[in-house]
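Engineer: Going line by line, the protein sequences match chains C and P.
Position 96 (the first sequence) corresponds to 96 in this note's numbering; numbering is contiguous.
Position 689 (the second sequence) corresponds to 689 in this note's numbering; numbering is contiguous.
Because the hints were derived from the structure by calculation, they are not lab data.
For each residue, glycine too, the CB sits at the ideal point set by N, CA and C.
Incorrect hints may have been included.
[As the list claims (entries may be wrong)] Below, in silico cross-link-like pairs of lysine to aspartate or glutamate (DMTMM-like), each with a Cα-Cα straight-line distance of 25 Å or less:
| no. | chain 1 | residue 1 | chain 2 | residue 2 |
| --- | --- | --- | --- | --- |
| 1 | C | K174 | P | E790 |
| 2 | P | K678 | P | D653 |
| 3 | P | K678 | C | D57 |
| 4 | C | K174 | P | E222 |
| 5 | P | K480 | C | D193 |
[As the list claims (entries may be wrong)] Using C-beta positions, here's what the derived DEER-type ranges look like:
| no. | chain 1 | residue 1 | chain 2 | residue 2 | range |
| --- | --- | --- | --- | --- | --- |
| 6 | P | T529 | C | K159 | 49 to 55 Å |
| 7 | C | R100 | P | P422 | 51 to 57 Å |
| 8 | C | R100 | P | D442 | 33 to 39 Å |
| 9 | C | P116 | P | A650 | 55 to 61 Å |
| 10 | C | A9 | P | E760 | 43 to 49 Å |
| 11 | P | D507 | C | P24 | 41 to 47 Å |
| 12 | P | E156 | C | R220 | 28 to 34 Å |
| 13 | C | R100 | P | T529 | 57 to 63 Å |
| 14 | C | A68 | P | Q474 | 38 to 44 Å |
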Amino acid sequence: MNTCQITLAGAELLALGSGALWWPDKSLLCVSDLHFGKSERIARRGGAVLPPYDTRDTLNRLAADLLATGAKTVVCLGDSFDDLDAAAGLAEEERLWLVRLQAGRRWVWIEGNHDPGPVALGGTHLAELPLPPVTFRHIARPGASGEISGHYHPKAQVKTRARTISRPAFLVDKDRIVMPAYGTYTGGLRSHDAVLTTLMRREALAILTGPQPQAVPMPR
Amino acid sequence: MVMVPEVISQWFAGRGWEIHSHQREMLARAEEPATLLIAPTGGGKTMAGFLPTLAELALDPKPGLHTLYVSPLKALAADIKRNLTTPVEEMGLALRIEDRTGDTSATQKKRQRVDPPHILLTTPESLALLTSYEDAPRIFAGLKRVVVDEIHALAESKRGDQLFLALARLQRLCPDLRRVGLSATVEDPPAIARLLARHPDRCEIVEADPGPAPDISMLVTEERPPWAGGGAAYSIPAVLEQVRRHKTTLIFHNTRAQAEIFFHNLWLANDEGLPIGIHHGSLDRAQRQRVEAAMVRGELRAIVCTGTLDLGIDWGDVDLIIQIGAPKNVKRLVQRIGRANHRYNAPSKAILVPANRFEVVECVAALEAVQAGALDGDPRGPGPRDVLCQQILITACSGPFDADALYAEVITSGPFASLTRPEFDACLDFCATGGYALAAYDRWQRLLQRPDGLWQLRDPRAAARIRMNIGTIQDTDTLKVRLRRNRGGKPLGEIEEGFAASLTPGDTFLIGGQVVRYEGLWEMTVEVTRRADKKPKIATFMGTKFATSTQLSARILDMFAQERWPQLPAHTAEWLALQREVSRLPERGRLLIESFPHDGREHVCVYGFAGRNAQQTLGLLLTKRMEEMGLAPMGFVATDYATLIWGLDALTDPAPLFDRAALRDGLETWLAGNAVMKRTFKASATIAGLIERNTGGQKKSGRQATFSSDILYDTLLKYDPDHLMMQITREEARRGLVDFGRIEEMLDRVGHRVDHLRLERITPLAAPLLLEIGKVPVAGAADERLLAEEAARLLDTAGIVDLAPGG
C-alpha cells in the first residue's frame with residue numbers, strides 16, 4: 001500500500017492513495033464525504049438519471065481499504081449520504097453490504113451539512129469525535145488545532161514539466177487536515193480558492209491522491 | 001410554361017433581370033413533395049427556393065405560417081430576411097417575414113407563437129425548440145413549404161440529423177408539407193436528396209449551371225515557406241499585395257488560432273493601415289457583429305476568418321478568396337472558392353497559400369484534383385442515436401405520445417430510415433429509466449407510461465430543463481475573456497478551460513488580434529490587460545479540423561514516389577530530397593516509422609497517411625501498447641499524414657507494436673480510459689440528455705463543483721459497459737474520431753513492410769508535427785513519475801524538505 005506520512009498534533013497518520021486516512025496506532029480509518037445516494041437524489045429531483053453505480057463503487061473502494069488496513073474503527077466524516085432521503089432510499093443490497101462492512105468494527109457517522117440528523121443504520125452518530133490528540137468534525141473551524149475535517153472536497157493542481165495534473169488532495173498544515181471527498185460522484189474545490197487559502201497556513205502541503213500519494217506545497 | 005404571377009415577372013423585368021432556368025424549374029416543380037436544388041453561390045439560389053412561396057402568397061396572401069426557412073447560421077437567417085424583404089416590398093406583397101433564432105427577444109418569440117408570420121426564418125435548434133411546445137400543432141397549422149438552405153453543410157453534422165427528425169415531426173402535423181433543399185456543389189446529390197425527402201418518397205434534383213471553372217492558383221513568394229508551423233507569416237507581404245489589388249478579400253484559415261496569429265502578423269505589416277477585420281467563432285458576439293456590419297457596408301478590404309464564414313452570407317463584393325493552409329478536402333475548397341464573386345457566370349478567383357513545405361505538396365495535389373474535377377466525400381453513417389434520444393425527450397415536452405406512432409414518424413426521416421424497433425426501444429428506455437442493467441429508478445423515471453399506453457414526463461417541470469439542453473452543437477468548455485477594468489471590462493471572446501488552466505499571471509496570448517496578458521480568474525472569467533508585445537503565447541483554440549481525404553492522401557503519396565518534383569517549387573522539392581537523404585520518404589506500400597530523441601523526450605513518428613482521425617486512433621492504440629511495454633508514453637499528436645508520440649523511454653523495436661493481431665485486439669479493448677473516448681462520451685451524453693449543459697447563467701458553485709463527465713464514463717465502463725451510452729460512444733468513435741476503416745486500409749496496404757529508422761535527431765518531415773495543436777495527453781506511469789519528480793523539486797525549492805512527509 002502506497003502511503004504518505006502525516007504528523008498531526010503528535011498523531012502519526014498515513015494518507016492513502018484512495019483518499020482515506022489511516023491511523024495505525026488506533027487502527028482507525030477515516031473517510032469523508034461519501035455522498036451515498038447522489039445519483040438517486042438527482043433523479044428524484046427531476047434531473048438526469050445518472051448511472052446508479054456510484055454507491056456500490058464507493059463501497060467497493062471502502063471495502064478494499066478496510067481489507068488492506070483491517071481497521072477496527074471507521075470514522076465517516078460527514079456528508080456520508082447525499083441527503084436523509086438518500087440514506088432511507090439505499091438499495092437493500094447496498095444496505096446489507098454496508099452492514100457487513102460494519103460487522104466487528106466500531107463505526108462512527110459524523111454529522112454533515114447534507115445529512116444532519118441520525119440515520120437508521122448501525123453505528124454511532126456524533127456531531128464530532130474528539131480522540132486526543134485530534135478531533136474529527138465535518139467542517140473545519142478556523143483557529144482549531146489537531147483537527148481532521150472534510151466538507152470542501154479539496155483538489156490540487158500541479159504543473160509538472162510536461163503537463164498540469166489535477167487530483168483530489170489532502171490539505172495538511174500543523175493545525176489540521178482537510179480530507180478529499182471519497183464518494184464516486186463528487187467534484188472538487190481547487191486549493192487556490194480563497195476559502196482554502198484563508199483556512200490553511202502558508203506552509204501547508206497538499207497530498208495528491210492516486211496510485212502513489214504525492215505531497216507538494218499547497219498550490220495557492 | 002409555368003404561371004409566374006404578374007407582380008413577380010414585372011419585378012424581374014423592371015430590374016432588367018431574367019428568371020434563371022433553374023429558378024423557373026423550381027417554380028415548375030412547386031407541387032413536388034421534395035426537391036433538391038444544386039447551384040453555385042451567386043446563382044440566385046435563395047430566390048429559387050422562395051419563388052414558389054412568393055408566387056403562392058401573391059395569389060392568396062391568407063394569414064398564417066406558409067413557409068419555414070431553416071439555415072445553419074443565425075446570421076444567415078437575418079441576412080435572408082433583409083434580402084427577401086426588399087424584393088417583397090418592391091413587388092408590393094403584404095407579407096410578414098420574421099426570423100427566430102437564439103438572438104430573438106422573448107416578447108417577439110411569444111408573439112410569433114400566437115400569431116406566426118407568413119415566412120419564418122430559423123435554425124435547426126430554434127425549430128427543435130418550437131416543436132417541443134404543447135401548442136406546436138397550432139403554430140405550424142397550415143404550413144405549406146419548408147426550405148432548407150445550405151443543406152450540404154447541415155448534412156455533415158448532427159444538426160442535420162436533428163433537423164431531419166424535426167421535419168418528420170412537422171410532416172406529421174402538416175401532411176401536405178413540401179420540402180425544398182438548397183445545396184452547394186456536392187459529390188453525391190442523391191445522398192443529400194435521400195436525407196431531405198420523407199422516406200421513402202422520391203426527391204427531384206435540379207442542377208443549375210455550375211458556371212465557369214474557377215481561376216485558382218498557388219501563391220508563389222520570393223520568401224520560402226517555413227519548414228514547419230501553420231502561421232504562414234512568410235506570406236504576409238504577398239497577401240497584403242493581393243489585398244491591395246482586389247476590392248474585398250476573404251482570407252480563410254483552418255483553425256482559429258492560426259487566424260489569430262495571421263491577423264496579428266498582418267497588422268504588424270500593414271503600414272498603409274488597410275481596413276482588415278477578423279471573424280471567428282471564439283470572438284465575442286458584439287465584436288463579430290461589428291465586423292459583419294462593416295463588411296456589409298463595404299468598409300473592409302479584407303477579413304481574416306475561419307469556417308464560420310463558409311456559408312452563403314452575402315458579404316458584399318468579395319472578389320478574391322485566399323486559403324491559408326492546405327485545404328484538406330477538395331469539395332470544401334471548391335465550395336469556399338464559390339464565395340468569391342457573386343456575379344453569376346464570372347469565374348471565382350482563389351489563391352492557395354501553403355503554410356509550410358508539407359502543405360505545398362498538399363496544395364499542389366489539391367489543385368490537380370480541382371482541375372480534374374474530382375470531388376471527395378465519405379459516405380454518411382446511419383442516424384446517431386444520441387440525437388434520437390434528444391428527439392424523444394423533445395417529443396415528451398410537447399405532450400403525451402404513443403411509442404408506435406413516434407417510431408413510425410422517426411423512420412420517415414432519411415438518416416433514421418433503417419432504425420430498427422429494438423434500437424428505438426433502447427433509446428426510449430434510456431430516456432425513461434436511464435436504461436441501466438441495474439434497475440434503480442423505478443420511482444424516479446423521467447418518462448412514465450400511463451394506463452392508456454401513452455408516454456409522458458413524470459415531472460412536467462422537467463420540460464424546462466430539457467428545452468434548455470436542446471441542440472447538438474458541441475461547446476467545449478470555454479471561459480469568457482474580459483479586459484480587467486473595475487469589474488467587467490470589455491468582453492473579448494472565449495478560450496478553452498484547459499488552456500485557461502495552464503496560464504499563470506504574466507503569460508500572454510492572442511485574442512481578437514491583440515496580445516493580452518493574463519491577470520487572473522475572477523468568477524470564472526479570465527481577466528486580461530492589453531500588451532504591446534509582439535510575441536504572445538498562443539491560445540489553443542479548438543477550431544474545426546477536417547481529415548485530409550483519402551483521395552488527397554493518395555495523390556500526395558504518389559507525388560512522393562516521383563524521382564524529382566518539377567511541379568513543386570524548388571524549396572519544397574529540396575526539402576523532400578533532404579528527407580530522402582537523412583531518412584526516407586513514406587511510400588504507398590510500406591509503413592515508415594522514425595524514432596529520435598528531441599527536447600528531453602523520446603519521440604516516435606508513424607507515417608500512416610490515413611487521415612487525421614485514423615492517425616489519432618493509431619495514436620491511442622500505440623500509446624496503449626507502449627504503456628503496457630513500460631515505455632511511459634505521455635501523449636501524441638496526429639496530423640493527416642503522421643502520428644507523433646512522445647514519452648520518457650525510447651522505442652527500440654516497433655514489431656510488437658505493429659503486430660496486426662495486437663492492434664486488432666487493442667481496438668476491441670482500447671476504449672478503456674483514454675481522453676478522446678471520454679470527449680466523445682461527453683458530447684453524446686450531453687446530446688442524449690444524460691449530462692446537462694452548463695448554461696451561461698448558472699455558474700459552477702465554488703464548493704463541490706459539478707463532477708466531471710469522465711467519472712460517469714469510468715463508472716459505466718466498470719459497471720455497465722454495454723449501456724446504450726457506451727454503445728453510442730463506440731459508434732461515434734468508429735465514425736468520427738476513430739475511422740477504423742482507414743487503419744485497416746493502411747494495414748492492408750503495408751502488410752509486413754514496416755521500416756523502422758532510429759535517428760539522432762528530428763527529421764524534416766517530422767518537425768511540423770511538434771507545432772501541431774490538439775495534443776492528446778496519455779495518463780499512465782508517466783504521470784506518477786512526473787509528479788514524484790515535481791514534488792521533490794518543489795519541496796526542495798521551498799526549502800521544506802525537513803517538513804516533508806516520509807514515503
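Engineer: A separate judgement is required for each hint: does it hold in the structure or not?
Structural biologist: Hint-by-hint comparison with the structure:
Annotation: proposed proximity of C:K174 to P:E790 holds, straight-line Cα distance about 23 Å (limit 25 Å). Restraint check for P:K678 and P:D653: the C-alpha separation of about 30 Å exceeds 25 Å, so the hint is violated. Note on P:K678 and C:D57: the hinted pairing holds, with a Cα-Cα distance of about 19 Å set against a maximum of 25 Å. Distance check on the hinted pair: C:K174 and P:E222 sit about 67 Å apart at the alpha-carbon level, beyond 25 Å; violated.
As the CA atoms of P:K480 and C:D193 are separated by approximately 19 Å, the hinted pair is consistent with the 25 Å bound. The hinted range of 49 to 55 Å is not satisfied by P:T529 and C:K159, whose Cβ atoms lie roughly 22 Å apart. At roughly 39 Å, the beta carbons of C:R100 and P:P422 sit outside the given window of 51 to 57 Å. Restraint check, C:R100 to P:D442: a C-beta distance of roughly 25 Å breaks the suggested window 33 to 39 Å.
Taking 55 to 61 Å as the suggested C-beta distance range, the pair C:P116 and P:A650 conforms, at roughly 58 Å. Checked against the given bound of 43 to 49 Å, the beta carbons of C:A9 and P:E760, roughly 57 Å apart, lie outside it. Against the hinted window of 41 to 47 Å, the Cβ-Cβ separation of P:D507 and C:P24 comes to about 44 Å, which satisfies the hint. In this structure, P:E156 and C:R220 break the distance hint of 28 to 34 Å, their C-beta atoms being roughly 46 Å apart.
Roughly 59 Å separates the CB atoms of C:R100 and P:T529, a value that falls within the hinted 57 to 63 Å. Between C:A68 and P:Q474 the CB atoms are about 41 Å apart, so this pair conforms to the stated range of 38 to 44 Å.
Taken one by one, the earlier hints fail for this structure at numbers 2, 4, 6, 7, 8, 10, 12, listed in ascending order.
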